[in-house]
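Heads up: the sequence shown is residues 948 to 1114, going by the numbering used here.
For the record, the hints were derived by calculation from the structure and aren't laboratory data.
Keep in mind the model is a prediction, meaning the values are calculated, not measured.
A hint or two may mislead.
[Unchecked claim] In the DSS-like style, the derived pairs of lysine-lysine whose C-alpha atoms are separated by at most 30 Å in a straight line are: (1) Lys1091 / Lys1066; (2) Lys953 / Lys1024; (3) Lys1090 / Lys1024; (4) Lys1109 / Lys1024; (5) Lys1090 / Lys1066.
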Amino acid sequence: MDANDKKQALRMIPYGLYVLTAESADGRVAASTVNWVTQASFEPPLLAVGVKADSGAHSIIKESKAFALNVLGKGQKPLAFSFFKPVERDGNSIAGEPFSSGSAGAPVFSNAHAFLECKLVETVEIGDHSLFVGEVVDAGMSKKLDGRPDDATLTLRDLGEKVFYGG
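Please model the complete structure; the sequences and the hints are all you need to start from.
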């Protein structure tokens, strides 16, 4: 297999951008920009998200058994970049982004275009990322959308010609 062909073929898969959040029982929070996300079932509603095995988010999700997927919209590029690196909590904000606790205990950003809060139902630990499967227990929108919902989502492509993840 040609390594460059593999990399380019994998990068042809389009990805939205989201901030994955979780909170431990002792108040530690994780918030990181992710893009390996897909709906995995209609009934029950399930999401699958790939999370780097050595990340802080990984350990907090395993411990708390809950996470929120904060959906970023067009125009929220700076927010995506804010969570590419480790961040700190300050009261009810993470890296300056205000949040409230969702019904399952995960931080839900006030300014995200939408959120999906999940209870962890399955973990597949293989490779350098784990696949967390969560049942959607709550969801919300911050504003009414015009047009297709997927047209409102910030994508990896929106970050620029040189920004890739994966491959």
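Tested hints:
no., hint, result
1, Lys1091 / Lys1066, "holds (26 Å)"
2, Lys953 / Lys1024, "holds (28 Å)"
3, Lys1090 / Lys1024, "holds (18 Å)"
4, Lys1109 / Lys1024, "holds (14 Å)"
5, Lys1090 / Lys1066, "holds (24 Å)"
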